[in-house]
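Work the whole structure out from these sequences, hints included.
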Amino acid sequence: MKEPRVTSLWTYANPKKFIETTDKLLPWVAMLALICLVTGLIWGFFFTPDDYRQGATVKIIYIHVPSALMAINAWLMMLVASLVWIVRRHHVSALAARAAAPVGLVMTLIALATGAIWGQPMWGTWWAWDPRLTSFLVLTLFYFGYIALWAAIENDDTAADLTSILCLVGSVFAVLSRYAVNFWNQGLHQGASLSLDEKENVADVFYHPLLVSIAGFVLLFIALVLLRTRTEIRARRTRALLARERMN
Amino acid sequence: MIALLIRDLRLAMRAGGGFGLGLAFFLIVVVLVPFAVGPQSSLLSTIAPGVLWLGALLACLLSLDRILALDWEDGSLDLLAVSPLPLEAVVSLKALAHWLTTGLPLVLAAPVLAVLLNMPSEGYEPLIMSLLLGTPALSVIGTFGAALTVGLKRGGLLLSLLVLPLYVPTLIFGAEAARRGMVGLEITVPMLMLGGITCGAIALLPFASAAVLRVNLR
Amino acid sequence: MSLIVRDMAIARGGVPVLQGVSFDVQPGQALVLRGPNGIGKTTLLRCVAGLQPVLSGQVNTDADRLAYVAHADGIKSVLSVAENLSFWAQIFGRSDISAALEAYQLTALADRPAGLLSAGQKRRLGLARLLVTGRQLWIMDEPTVSLDGEAVHMFASAIRMHLSGGGSALLATHIDLGLAEAHVLDLAPYRATTMAGDAFDEAFL
Numbered sequence: 509m510k511e512p513r514v515t516s517l518w519t520y521a522n523p524k525k526f527i528e529t530t531d532k533l534l535p536w537v538a539m540l541a542l543i544c545l546v547t548g549l550i551w552g553f554f555f556t557p558d559d560y561r562q563g564a565t566v567k568i569i570y571i572h573v574p575s576a577l578m579a580i581n582a583w584l585m586m587l588v589a590s591l592v593w594i595v596r597r598h599h600v601s602a603l604a605a606r607a608a609a610p611v612g613l614v615m616t617l618i619a620l621a622t623g624a625i626w627g628q629p630m631w632g633t634w635w636a637w638d639p640r641l642t643s644f645l646v647l648t649l650f651y652f653g654y655i656a657l658w659a660a661i662e663n664d665d666t667a668a669d670l671t672s673i674l675c676l677v678g679s680v681f682a683v684l685s686r687y688a689v690n691f692w693n694q695g696l697h698q699g700a701s702l703s704l705d706e707k708e709n710v711a712d713v714f715y716h717p718l719l720v721s722i723a724g725f726v727l728l729f730i731a732l733v734l735l736r737t738r739t740e741i742r743a744r745r746t747r748a749l750l751a752r753e754r755m756n
Numbered sequence: 527m528i529a530l531l532i533r534d535l536r537l538a539m540r541a542g543g544g545f546g547l548g549l550a551f552f553l554i555v556v557v558l559v560p561f562a563v564g565p566q567s568s569l570l571s572t573i574a575p576g577v578l579w580l581g582a583l584l585a586c587l588l589s590l591d592r593i594l595a596l597d598w599e600d601g602s603l604d605l606l607a608v609s610p611l612p613l614e615a616v617v618s619l620k621a622l623a624h625w626l627t628t629g630l631p632l633v634l635a636a637p638v639l640a641v642l643l644n645m646p647s648e649g650y651e652p653l654i655m656s657l658l659l660g661t662p663a664l665s666v667i668g669t670f671g672a673a674l675t676v677g678l679k680r681g682g683l684l685l686s687l688l689v690l691p692l693y694v695p696t697l698i699f700g701a702e703a704a705r706r707g708m709v710g711l712e713i714t715v716p717m718l719m720l721g722g723i724t725c726g727a728i729a730l731l732p733f734a735s736a737a738v739l740r741v742n743l744r
Numbered sequence: 012m013s014l015i016v017r018d019m020a021i022a023r024g025g026v027p028v029l030q031g032v033s034f035d036v037q038p039g040q041a042l043v044l045r046g047p048n049g050i051g052k053t054t055l056l057r058c059v060a061g062l063q064p065v066l067s068g069q070v071n072t073d074a075d076r077l078a079y080v081a082h083a084d085g086i087k088s089v090l091s092v093a094e095n096l097s098f099w100a101q102i103f104g105r106s107d108i109s110a111a112l113e114a115y116q117l118t119a120l121a122d123r124p125a126g127l128l129s130a131g132q133k134r135r136l137g138l139a140r141l142l143v144t145g146r147q148l149w150i151m152d153e154p155t156v157s158l159d160g161e162a163v164h165m166f167a168s169a170i171r172m173h174l175s176g177g178g179s180a181l182l183a184t185h186i187d188l189g190l191a192e193a194h195v196l197d198l199a200p201y202r203a204t205t206m207a208g209d210a211f212d213e214a215f216l
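Residue numbers (my numbering), protein chains in the order written: chain A, 509 to 756; chain B, 527 to 744; chain C, 12 to 216.
The set of hints was computed from the structure by calculation and includes no laboratory data.
Just so you know, not all the hints are guaranteed correct.
Said to hold, decoys possible - Below, computed lysine to aspartate or glutamate pairings styled on EDC-like, alpha-carbon distance capped at 20 angstroms:
#, chain 1, residue 1, chain 2, residue 2
1, B, 679, A, 740
2, B, 679, B, 614
3, A, 524, A, 740
4, C, 133, C, 161
5, C, 133, B, 599
6, C, 133, B, 600
7, A, 525, A, 740
8, C, 133, C, 75
9, C, 133, C, 122
10, B, 679, A, 665
11, C, 133, C, 153
12, A, 532, A, 740
See below:
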């Protein structure tokens with residue numbers, strides 16, 4: 509029989525196809541991630557001038573900003589994957605959402621930790637109940653809840669259904685929390701480091717290495733999620749094989 | 527539909543514990559606060575709205591797992607799922623029954639406990655209004671959490687972990703409205719936001735709760 | 012209304028248990044499911060009741076005309092027998108419970124809290140619930156557990172009356188109810204042998 513031509517993105521939602529494709533893809537993504545991270549961080553740490561106000565402490569920006577970006581984007585990715593699971597019931601997307609959660613959580617924790625380390629010399633305090641910081645703390649709680657729910661339910665499909673709905677509801681409440689926190693306390697944190705408005709941006713000399721590190725973090729995230737999704741698929745396959753074993 | 531509400535209220539009255547437990551917990555939390563932070567009345571009156579809101583929230587949380595777990599154990603939920611009553615209505619009524627037996631008593635008890643915390647008299651009205659507006663959201667969100675964890679053996683702790691982040695906006699706007707009201711600031715904005723969250727939760731969350739319950743029942 | 016099941020495959024806990032099951036239950040008929048423990052009788056009944064999705068095949072029935080009795084009766088121990096029963100009657104949009112109390116000889120116990128009933132009496136209350144629903148198709152999972160001989164007779168005559176009124180019944184039981192008119196379906200030949208229809212796990216194998 510002739511292999512059907514790949515015509516739709518959904519073909520990759522087949523676990524087998526996904527494993528085959530990522531077999532080839534993963535090393536490249538991982539390598540690119542490594543190159544971007546090393547270039548971005550070395551460039552940023554050693555080949556940019558100190559800030560006239562903040563001195564060398566500004567250099568933590570090359571970790572802080574990318575990890576903070578990825579913390580939010582990871583949740584967005586989980587939201588999209590959850591929607592795909594709810595609407596089209598492609599199992600790989602449910603497993604990808606599951607795989608992304610711990611990565612997102614770690615990114616959030618890195619952003620919080622680097623923020624605290626940066627905040628100490630700048631604001632004179634490790635922690636302030638600033639809206640951005642507080643939002644990230646709340647985001648951490650959402651990640652914990654999501655991961656805990658996945659871990660608590662034995663049946664894979666049930667867990668996928670429940671966590672998807674939790675992710676949808678959680679996203680709405682996460683946005684609400686963001687506005688609530690903004691309303692509750694106007695803070696110390698500077699505005700966006702990156703935006704389309706040229707004037708608000710950090711200077712070019714910081715900007716370019718920052719972009720490279722962000723690309724590195726994005727690629728790192730993709731590589732980790734692919735890797736973890738493959739692990740989840742194989743774990744699922746093991747369970748399916750065991751179930752078949754029990755039957756015979 | 528009213529039959530389910532009446533049954534749940536009757537069960538809460540007769541079973542004992544369910545009805546008064548939340549109130550007693552609320553009282554204890556508020557009594558413990560001065561032991562923890564000291565008896566200066568200026569400090570206590572400053573933090574009174576926040577303490578009362580947090581106490582009410584925790585008392586609410588305490589009784590969440592009873593909303594659906596008892597009906598799950600004795601098989602009533604299965605039977606309700608094949609009854610003419612849609613599950614959306616079932617979870618809405620369960621949330622309403624929870625609010626009537628837990629939320630409303632907390633709202634009524636709050637002013638009495640506010641006396642213990644030396645809250646100035648201007649603060650009472652905004653406190654009661656904000657609790658009245660906010661506690662229904664706590665019940666509805668809590669029912670969603672209860673539906674998520676209904677099949678789990680030790681779901682209590684997980685339930686708290688899932689529900690508490692969802693309570694953040696309600697707590698912020700509610701406590702903020704009560705605090706601002708006490709010091710004489712404008713409270714329209716937080717009150718409107720609080721009301722908006724409550725209305726949105728009541729309108730939309732029952733669909734999520736029912737969907738989750740259907741998954742858990744199969 | 013008739014219940015028509017065609018080529019049904021079902022799973023319990025992700026493992027397929029039955030496949031290729033087909034049967035009809037017409038108005039006035041009763042079908043008794045038999046088979047060893049673990050064959051999937053409860054799962055089959057839950058699928059027909061619409062509580063659980065089937066793996067494949069068709070179940071044609073009207074969800075608004077069936078009533079379901081599970082192992083657990085959903086009885087609240089702090090409510091009285093009459094309160095328990097009239098709650099379910101109201102849920103199904105009815106009010107009269109006296110006939111149901113009569114049929115299972117619960118009239119004398121009507122005001123007793125259900126928590127004080129014996130296991131057999133509780134079971135009778137659970138079965139009386141079927142009579143107050145006014146539904147046409149009864150789906151019953153081991154309805155005679157903990158019933159004594161006399162109560163089994165009450166149950167059998169309740170079913171007989173239900174069938175003569177154009178109702179139908181699908182039940183899983185091990186004992187002989189003395190219902191001559193009931194058909195029997197042995198599930199043992201339908202035990203699942205392959206991973207039937209589970210598209211997901213299939214994709215992994």
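Now the hints, each set against the structure:
no. : hint             : verdict
1   : B:679 with A:740 : violated, 24 angstroms
2   : B:679 with B:614 : violated, 24 angstroms
3   : A:524 with A:740 : holds, 13 angstroms
4   : C:133 with C:161 : holds, 15 angstroms
5   : C:133 with B:599 : holds, 16 angstroms
6   : C:133 with B:600 : holds, 12 angstroms
7   : A:525 with A:740 : holds, 15 angstroms
8   : C:133 with C:75  : violated, 26 angstroms
9   : C:133 with C:122 : holds, 14 angstroms
10  : B:679 with A:665 : holds, 18 angstroms
11  : C:133 with C:153 : holds, 14 angstroms
12  : A:532 with A:740 : holds, 18 angstroms
Checked against the numbered hints given earlier, this structure breaks hints 1, 2 and 8; the rest are met.
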